[in-house]
Every structure is written in C-alpha cells, then in structure tokens.
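Line order of the protein sequences matches chains A and B. Just so we're aligned, residue 5 is where the first sequence starts under this note's numbering, counting upward by one. Just so we're aligned, residue 695 is where the second sequence starts under this note's numbering, counting upward by one.
Hints are computed from structural coordinates only; laboratory data are not their basis. The reader is advised that the hints may include incorrect statements.
[To be verified] Residues on chain A that point at chain B, a partial pick, calculated with CB under 7 angstroms:
#: 1; residue: S30
#: 2; residue: L69
#: 3; residue: L71
#: 4; residue: L81
Glycine included, each C-beta is placed from N, C-alpha and C at the ideal position.
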Amino acid sequence: MGKIPDRYVLTWLILVTATALSSGLSVFHTFGARGAGIGVLAIAFAKIALIMSNFMEIRHGPLALRLLCYGWLVVVLGIMCSLYGTSLV
Amino acid sequence: MLEHGYSPKTDDGKPGNMQKSKVPGEPGIWVLILGEMSVFAVMFVSFLLARSGEVAQFHLSCQQLDRGSAVLNTIVLLTSSLFVAMGVRAARERSTLVARRLFLAGAALGFAFVTVKSHEYYVLLERGVTLSTNMFFSYYFGLTILHLIHVAAGVVILLLLGWRLELLSSKLAIVESAGCWWHMVDLLWVIIFPLLYLVE
C-alpha cells in the first residue's frame, strides 16, 4: 500500500501545479483577458492561503493570528480584484 | 539541544507534545511580518491604481519582461520554502544535522533566485530599460528590488541557521521565526509574480 505523501511535499506539489495553471491561463486567455487576470489573481491568493496554513502553520495558531492573516488575504484580494476588474471597463 | 516551544499536530491528525494553540515563532516576528505584508499590500494597490490610468502602456511593458525566468524563480522560491518548512520540522525533532542541511539548501535556492533576478535586470538595463522608463518599470524595479532585499536578508538568516543552528537555537521559536520570515518572502513573490508578469 502506498505511503501517504508528506504534508509539506503535497503542499509544494499543489503550489507548483497552481503556478503552471496560472501561467497557462495568462498565455492562452481561456476565459478572456479579464477572466484570465482575475483567475490568475485568485490562484495567487489560494497559493498564499496554502503557504500560510501549511508552511507558516497558521492553522495551528491562535484565533487572533488566523484572523489577521486570513483577513489580510481577503481584504487585499478583494481590493485587487475589484481594481483590476474596473480598470478594464 | 533545541528547546521545544511549539509542536503542532502531526500529519495523521494526532496532537504533538503540546496541544495548546501557540503563535509559530516569536510573537514579535509577526508584528514585523504583518507590517511588511501591509507595506507591500499598499504597493500592490498603488500599482493597480496607476495601471488603471495607463492600461495600454502597462500591457506593452509587461510583455517586455521574461516570463520564463519569473516562472523559474517562482518554483525556486516555492522549493526553498519546502526545504525551510522541513528544516523547521527537523529542528523540532532535534535532527540538527538534517535541519542544517535543509536550511543551507534553502539558502542556496535563495541565492539562485537572486542570480536569476540579477540576470533579468542586466538584460533589461542592456536594452535601455530603467526605473525612469515609464510608470510600469518604476513599479517593476521598486517592487522587485524591495523584495530582493528581503530575499537577501532571508538568505543571510538561513546561512546562519545552517552554519550554527545549535548556537542560534537555544529556543526553537527563533528557528520558527526565521522559517516564517522566509515563507513571507515566498508569499510576497507569489503576488508580485502574477501582478507584474501575468496580469495583462
């Protein structure tokens, strides 16, 4: 029976795959320029959530730290996606 | 010998030797990390605001950048983060030699990042592209140079951990703090990469 992959290695594999996916999205413009741009930003923030949770180990941290870090992520993503979306109108 | 300050749950979900949730690393490092992240967040928003006034110019300038080397640098930093995370775990398990090797591998990849970035700057400067070429390149050089300074500081910290882990780690929290700093450097690049190279 196969061994369960190490959490860190699994995280790294997902991050590298997501990097390839976002590069592909921007090159092929699968969902149009705006869709690709927002998709690329969304993938970047999903990657950050993974880095925070699994590499920085915030998921085991106190509630205040989790709120600050994930809150930063949500606020910055929201502002950036809305600024990017409106700039193409 | 390393003093254990923090031991999260293991991969199979079983608790470590300390179940209480605790800030990874020294609490003070999080003031610094969140401060740095906020400074960069302001720069990201400022970049997008500047971009909204000059979309065509930003689009053309973005196409002059070398995406291949940016993808390579992203993978290099992600891999270094993997080594550093494994190094912190090895330090927790008191495998000092393994931890030192992993921190040195992380530092080597950090140095590789600096080398690739320097080559990218050289190619752009040779083409006559500088900080004052246009607004896009002002942000490009500003953001990446500031990030590069953080990478260089991280490489020095990792080298110190790799060189004298046993002296520097009277408390495991110091090792964890160094690890968190390096992951922050990685995290910031994860936004800079699509913002400058991919979002057109």
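Results of checking the hints against the structure:
At its closest, the beta carbon of S30/A sits 4 angstroms from a beta carbon of chain B; the interface hint therefore holds under the 7 angstroms criterion. Look at L69/A: its Cβ gets to within about 6 angstroms of chain B, closer than 7 angstroms, so that hint holds up. A cut of 7 angstroms between beta carbons decides the hint on L71/A: the least distance to chain B is about 11 angstroms, and the hint is violated. Checking L81/A against chain B by beta carbon gives a least distance of about 9 angstroms; that is not within 7 angstroms, so the hint is violated.
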